[in-house]
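K.L.:
Spelled out, the chains give:
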Amino acid sequence: MAVAQAKLDAAAARLAALSLPQTGWSAAARHDAAARLQAMGMPGKRDEYWRYTDPTSLTTADAPHARLFDAGDEPAMFDAVDRVKLVFVDGVFDPAASDDPVAAGVELLSRVSADIHWAQGLYGVLETRGQTPVARPLAALNTAAATEGVLIRVTGKAAKPVSLIYLHTSESSDAILHHCIKLESGAELTLLENGPAAARFNKVLEVEVGDGARFHHVRAQGRDHERRAVTHIFARLGRESLFKSFTLTANGVMTRNEAIIELTGDDAVAHVAGAALGDGDFHHDDTVFITHAAERCESRQVFKKVLKSGAVGVFQGKILVKPGAQKTDGYQISQCLLLDDDCQFLAKPELEIYADDVKCSHGSTSGAIDETALYYLRSRGVPLRQAQSLLVQAFLAEAIGEIEDEALAEDIRARLEGWLARHGQ
Amino acid sequence: MAALDSEDQIELREGVDRETIETVQAMAGKYKHGWETEIETEYAPKGLSEDIVRLISEKNGEPEWMLDWRLTAYRRWLQMEEPRWAMLHYPEIDYQDQYYYAKPKSMATKPKSLDEVDPKLLATYAKLGIPLKEQMLLAGVEGADEPRKVAVDAVFDSVSVGTTFKAELAKAGVIFCSMSEAVREHPELVKKYLGSVVPQSDNYFATLNCAVFSDGSFVYIPEGTRCPMELSTYFRINAENTGQFERTLIVAEKGSYVSYLEGCTAPKRDTHQLHAAVVEIVILEDAEVKYSTVQNWYPGDENGKGGIYNFVTKRADCRGARSKVMWTQVETGSAITWKYPSCILRGDDSQGEFYSIAIANNAQQADTGTKMIHLGKRTKSRIVSKGISAGRAQNTYRGLVSMHPKATDSRNYTQCDSLLIGDKCGAHTVPYIEVKNNSSRVEHEATTSKVDDDQLFYCRSRGMDEEEAVALVVNGFCKEVLQALPMEFAMEAQSLVAISLEGSVG
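These protein sequence lines map, in sequence, to chains A and B. First residue of the first sequence? That's 1 in our numbering, and the numbers climb one at a time after it. First residue of the second sequence? That's 1001 in our numbering, and the numbers climb one at a time after it.
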């Protein structure tokens, strides 16, 4: 079917408003991505893949305004963690506020102008692979037009986690960041991300996890009520490698987080988890696509959402088991706690399986707080609000349990408690 | 259950019961209903046009309003596009290369009673195990305490050849007749309800059906009546290159009850044949309808040559408070199955249930499931779907559970299990869950697995061969759904499960 002209026009308009670098090692990949975007057009409301999320505010040529948010005296995230801090203000690297990236082995996309670079093998490569069977135009847009990002190649075990901090200081900022991370065989890295980044944020993270390598990712998306974000993680996993990603989203008017993970080496493990808390005008979408292309791999998707006063939660998760990917163990759970009557949970948890010796399951539930559990706690003398808060925390525990590092998990739990206290739970 | 032929009696081994042996024997046979009745057939000219629509309407002796209704649908259909979202791959259908109307010549004048029906037609149904004589019972239920009566409407290609027990049903006030007869005899009921559940514009295949449906069954159960016997329609496609487009309408008035069974078969042919049916069910206050289907259209050969393309729209509208519908389906046949029996739970406290076994073997493709639309308060729905894939088949469960903002305190429970036999087939699950209020609870579970090695080993160690063992395990896997079927159907379905999987092992 021909792509609707309006979608093509929207892609052309968006590209015209951006300046694409013409030289350097990434120019070819950017040129290719722009051409792909022009052919596929921008996503539209009627696309099956955008069934539950209206992409309009993510695709317009100009970013909708987002008022700044004052977090008050709330302590900064991951403060207790010894880490390499890299700060981006509305998508622009801030060297004064950051640790020295070079000393930490991190290169910045905007500063590498050579014609040849290792990241050529990664930049836009996994993103391109992730365009089938479903087109992801906003990721192609990112590859074409990213202005900044980190390029990290890890050989042994990284000394400290790399922490990317995204600040939002302009009401009309429109940031496009693209990170490439390559973990060589046996390497290990923890990547932390936090902050709202911009009024509108488009981010792509491409991760190549080599044989036996381990990648941990913990992120907290900023609490600015009016910010919008579309993020993509494209990961490819080698033999016996491990990939673990956790995302906390508390507020934000529009968030679409996609994770496209390919298990290409035998015995690889991929866990993707998310906890989302939303109040009022909040739309949160987790879209996950996990491909099992090797034997004896394990994947887990754990997504929990807590919604208040009219918030909308979306989950689209898919496990694809390719022919020959025998002994696959695939698990997926998506659950939603609806605290008010006008909240919505929209889910499409899919399995597509072409191998017979597999164990795959998914579950999805939604409903209000369990009255019986609430009654039990109250009958034991726990005040109503505290009882509700306890039950919400218990509900989210499985997702947070996916974070291996206890200090990081504790930090996330503290954020959750803070959110619940502020939102009358 | 297949009866043992006297000439190939076999010795019973110790510990193996007769039923198991019968199952295995049944498995040795291929598609049982692939024969053809040689009968002179009158066709409408090949292809589809307004003239064909007019011709079908005229053949059925329909009033003007019915023709207008068909023509509106036909004109709309011309503007529509064939849906392509299902996980089904088939070459483009040439809608002009089909016959839209085929009728045995002997049916030129409508027989007044079953005695006047062409013996060849009666023999066809007898061979299929569907007796069109009122004193006979359905095969396989001997030994029941009291003989159970089942009224049958037999549809052969485009026309209904006869309906049994009409007089006895009429005594209870139940109307059970062919659709064409209902249009003539009960126009007020047909006008009121036809298209009220599946509107003319519903979807490509349903709209096509609205334009060209030739016959089908009509059921009306009056207020407070429990239908005195089970009703059944048996569809047989016989003519070559002919599409079958039947339309069924069931109306259950307040406080009534009916159980309805549907069966279908077709001869083996090298070319694909189109079947696009519509079933509409209207259920008023406190009424209950059970609709059971054993779909056994010719599935095509091992290489995917021939077989029926089955595009069916079935929907029940629980309009009244506390009304209830239960869909049970055993889908073993057809080269392509595209079918989503749905429940609109409009009345407060209404209930919808969907039990399904879908088996796809060889080159078959099935994309089937249900929709549960919760509109009323405290509505309940339950979905149990068992998909089995073998050979190179693809089997997809596709379903929707929707809780509207006003459907407060509602419940849904969904369980979709898939079983894979062999490494060349596929099993897929595509559920849509849309919850728009917080007092409702929705639970969805799905699993995919292979036939358990331990269970197989256990069966093998008891002397069963591999195919027997697989059939037994699969029947166990399907048990929850088989139990939801009326008894005579359950028995047929159980042996069908085994037959459908024939050749899938090794």
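There could be a bad hint or two in this list.
Taking lysine to any residue pairs in the SDA-like style, the calculated list, with each CA pair at most 20 Å apart, reads [what the hints assert, rightly or not]:
1) 1406(B) x 327(A)
2) 1436(B) x 370(A)
3) 322(A) x 1454(B)
4) 322(A) x 1123(B)
5) 327(A) x 1454(B)
6) 1436(B) x 280(A)
7) 1424(B) x 108(A)
8) 1436(B) x 253(A)
9) 322(A) x 1087(B)
10) 308(A) x 1424(B)
11) 322(A) x 1394(B)
12) 359(A) x 1394(B)
13) 1290(B) x 1319(B)
If you're looking for bench data, these hints aren't it; they were derived computationally from the structure. Note that the structure is a prediction, hence the values are computed from the model and not measured.
K.L.:
So which hints don't hold here, by number, going up?
P.N.:
1, 3, 4, 7, 10
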